[in-house]
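2 protein chains.
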Amino acid sequence: MEIRNIGEFQLIARLTAGKGYDPSVLLGIGDDAAVFQAPAGGSLLACTDMLVEGVHFLREKTPPAALGHKALAVNLSDIAAMGGIPRQALVAVGWPPDCPLEYAEGVYKGLYALAEEYGVNIIGGDTVRAPVVTINITVIGESRGKAVGRNGARPGHLLAVTGRVGAAAAGLALLRAGMEEGTGESTKKGTAEAGAEGNENSGLPAAVKEDLIRAQLFPVPCLRAAAVLTAAGAVTAMIDLSDGLAGDLRQLADASGVGALLYGDALPIDNHTRAAAAFLQEDALRWALYGGEDYELLVALAPEKTAAAREKMKAAGVAFTVVGEITPAAEGLRILQEGRIAPLKARGFDHFSPSS
Amino acid sequence: MEIRNIGEFQLIARLTAGKGYDPSVLLGIGDDAAVFQAPAGGSLLACTDMLVEGVHFLREKTPPAALGHKALAVNLSDIAAMGGIPRQALVAVGWPPDCPLEYAEGVYKGLYALAEEYGVNIIGGDTVRAPVVTINITVIGESRGKAVGRNGARPGHLLAVTGRVGAAAAGLALLRAGMEEGTGESTKKGTAEAGAEGNENSGLPAAVKEDLIRAQLFPVPCLRAAAVLTAAGAVTAMIDLSDGLAGDLRQLADASGVGALLYGDALPIDNHTRAAAAFLQEDALRWALYGGEDYELLVALAPEKTAAAREKMKAAGVAFTVVGEITPAAEGLRILQEGRIAPLKARGFDHFSPSS
Numbered sequence: 001m002e003i004r005n006i007g008e009f010q011l012i013a014r015l016t017a018g019k020g021y022d023p024s025v026l027l028g029i030g031d032d033a034a035v036f037q038a039p040a041g042g043s044l045l046a047c048t049d050m051l052v053e054g055v056h057f058l059r060e061k062t063p064p065a066a067l068g069h070k071a072l073a074v075n076l077s078d079i080a081a082m083g084g085i086p087r088q089a090l091v092a093v094g095w096p097p098d099c100p101l102e103y104a105e106g107v108y109k110g111l112y113a114l115a116e117e118y119g120v121n122i123i124g125g126d127t128v129r130a131p132v133v134t135i136n137i138t139v140i141g142e143s144r145g146k147a148v149g150r151n152g153a154r155p156g157h158l159l160a161v162t163g164r165v166g167a168a169a170a171g172l173a174l175l176r177a178g179m180e181e182g183t184g185e186s187t188k189k190g191t192a193e194a195g196a197e198g199n200e201n202s203g204l205p206a207a208v209k210e211d212l213i214r215a216q217l218f219p220v221p222c223l224r225a226a227a228v229l230t231a232a233g234a235v236t237a238m239i240d241l242s243d244g245l246a247g248d249l250r251q252l253a254d255a256s257g258v259g260a261l262l263y264g265d266a267l268p269i270d271n272h273t274r275a276a277a278a279f280l281q282e283d284a285l286r287w288a289l290y291g292g293e294d295y296e297l298l299v300a301l302a303p304e305k306t307a308a309a310r311e312k313m314k315a316a317g318v319a320f321t322v323v324g325e326i327t328p329a330a331e332g333l334r335i336l337q338e339g340r341i342a343p344l345k346a347r348g349f350d351h352f353s354p355s356s
Numbered sequence: 001m002e003i004r005n006i007g008e009f010q011l012i013a014r015l016t017a018g019k020g021y022d023p024s025v026l027l028g029i030g031d032d033a034a035v036f037q038a039p040a041g042g043s044l045l046a047c048t049d050m051l052v053e054g055v056h057f058l059r060e061k062t063p064p065a066a067l068g069h070k071a072l073a074v075n076l077s078d079i080a081a082m083g084g085i086p087r088q089a090l091v092a093v094g095w096p097p098d099c100p101l102e103y104a105e106g107v108y109k110g111l112y113a114l115a116e117e118y119g120v121n122i123i124g125g126d127t128v129r130a131p132v133v134t135i136n137i138t139v140i141g142e143s144r145g146k147a148v149g150r151n152g153a154r155p156g157h158l159l160a161v162t163g164r165v166g167a168a169a170a171g172l173a174l175l176r177a178g179m180e181e182g183t184g185e186s187t188k189k190g191t192a193e194a195g196a197e198g199n200e201n202s203g204l205p206a207a208v209k210e211d212l213i214r215a216q217l218f219p220v221p222c223l224r225a226a227a228v229l230t231a232a233g234a235v236t237a238m239i240d241l242s243d244g245l246a247g248d249l250r251q252l253a254d255a256s257g258v259g260a261l262l263y264g265d266a267l268p269i270d271n272h273t274r275a276a277a278a279f280l281q282e283d284a285l286r287w288a289l290y291g292g293e294d295y296e297l298l299v300a301l302a303p304e305k306t307a308a309a310r311e312k313m314k315a316a317g318v319a320f321t322v323v324g325e326i327t328p329a330a331e332g333l334r335i336l337q338e339g340r341i342a343p344l345k346a347r348g349f350d351h352f353s354p355s356s
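Residue numbers (my numbering), protein chains in the order written: chain P, 1 to 356; chain Z, 1 to 356.
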């Protein structure tokens, strides 16, 4: 069945059926606007992200649950990067009328799975017709303490990242190379069987491919890591890695009015990413610096508090790596690699440049 | 110059340059998420609406300022329909790379003009590439008293609308007929002069055309009317007229579990709309019932409080007309016209139905 076969209101009812809210929601989906309880004291956070088919994702390469997951995850990641707690989400979707209903339902399945995992209420939205699948999610969150912006880094502070970098770009490269077969992430039926064979000849273990493609399709917002870090009181500036380490570092440095020296050899590029780079004859460092979509956190830290933060992250089971230092603005962005310091090209993703 | 000629960050900087916020905004555009002060007590409202080129508007028929105005106005109208006060807005836009920069700037001009008129801060957003212009605005508001939903109407309550109905549909019909020349609303250069002539032969005064086209392009959100009405304490249910009186009445009736009798002859269809209908050989009543986009308020009122509400609306200078009554659910939706009662077809706008 295609979306055109059922009306707008039936579609909304179908996609949101049986879903509830926590007590902060006074009035959910179905009225002119949603109503929710204002938190007592503190401040609110809000962010919004639009994902467009053909620009941010290819429908045939993106399982619907991954699309729903990612559309919300990128917003939760923005709330994490402020040290906040996501609470409410609004979901506006443009659907082509010939989009299979099954795809729309899959998108909402992924969306609700992530929302429920992090206690986020989907309180409203809009459902319209569009030439390509277009998802715009807005998340409203709460900030218990002071929200952590990008502008607090000062020369002498250290730079660190959570998790690993480059894995999402590696996953995207594998998807582009048509290597999703055998990973369980294919959108096509029956390829799991076909892939089991192909897999043995591919030279890259299925578990590696699956891990990296999952990093691309199902990014995990670093809400818990952000909570641990902000509780440790060490973070002076924070940003999530959406456009690639080099581009996001540039944002943080510009907002703070500082420079930075990145320790290239220290970047947490894991063995899976390195194996995929070797297999595809790509450069893992390039993925880490310019690939984007890792949705890890890049933080600046007061050096005297870094050891304590590292301990707390270790106790929480979150990888946390010092990857550089903040320098005076005049030194710009640089990278130290194999003992040599070079300028860091801060080429982030730009939607409108001809090459991206 | 086209959007592709400048980068994403330059575009955002250019569109938002020199714009400020009121003190409720702790951190505006430029970080991962915006931060704003939670209101002391009370509840919050949130709504979101997506406008897609080719679906909700034709770029060549829509001056950019009108598009920016309307994208925000439809959200402000939703906040009005809850009796709320709009406070913060997030603006996500998908632009085709070949869209003229001038058009984008015009959109933001219309957007900021309306935002400033109603004291709304534009605190964040997203700027991406898309195949057609796609604008998604989310508005967060405050509800000082109890938010007014759609579900409080009871048999015996009266139905009333603010302003006039059918004018926006009349304006759309005039635009579709290519009659914007001479009204000052054309997107084409030089047509104002050409239109001054055409105008004399069109049989419809330029002032009439201009008024109706303006109703379509620059809808006025009924925030002041809503404030007066809710302060009067008479309103039991409220909805804004976006899909047409018949469709929106159906929404209100369904949410409240009631029926309704509409007084067809009492509908505030003004002389401009009637003149346009006569000129285009269209049916003004059909525009009023099914045309949509009037963004007036449809309210149910306790009958004993209706006279007082009417007085207050008169004092506030807002047209306010009793147009029907709430009946038991079993009677469904009906219309009384020229002394005869007939079922009211509740054909609202449906994005996915083949005819819309």
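Think of the hints as simulated: they come from the structure by calculation, not from any bench.
One thing to keep in mind: the hints can contain errors.
Using 27 Å as the maximum straight-line C-alpha spacing, the simulated DSSO-like pairs for lysine-lysine come out as follows [said to hold, decoys possible]:
(1) 19/Z <-> 146/P
(2) 146/Z <-> 19/P
(3) 109/P <-> 146/P
Covered stretches of chain P, going by a simulated chain Z footprint (3 or more residues, C-beta under 8 Å) [claimed, not checked]:
(4) 25-39
(5) 79-86
(6) 106-114
(7) 123-133
(8) 174-180
Glycine included, every Cβ here is placed at the ideal spot set by N, Cα and C.
27 Å Cα cutoff - pair residue 19/Z, residue 146/P: Holds - the C-alpha atoms of residue 146/P and residue 19/Z are around 24 Å apart, at most 27 Å.
Coverage of the stretch 25-39 of chain P by chain Z, judged on three or more residues with CB within 8 Å: Coverage by chain Z holds for the stretch 25-39 of chain P (12 residues, Cβ < 8 Å).
Coverage criterion applied to the stretch 174-180 of chain P (partner chain Z; beta-carbon cut 8 Å; 3 residues): violated (count 0)
Cβ contact check, 8 Å cutoff: the stretch 79-86 of chain P against chain Z, three residues minimum: Since three or more residues must qualify, the claim that chain Z covers the stretch 79-86 of chain P holds, with 4 doing so at under 8 Å.
Hinted pair residue 109/P and residue 146/P, Cα distance within 27 Å: violated (33 Å)
Proposed proximity, residue 19/P with residue 146/Z (alpha carbon, max 27 Å): holds (24 Å)
Proximity test - 8 Å, beta-carbon atoms, the stretch 123-133 of chain P to chain Z, at least three hits: holds (count 10)
Verdict on chain Z covering the stretch 106-114 of chain P, where coverage means 3 or more residues with a C-beta closer than 8 Å: Result for this restraint: violated, n = 0.
Violated hints, listed in ascending order, are 3, 6, 8; each of the other numbered hints is respected by the structure.
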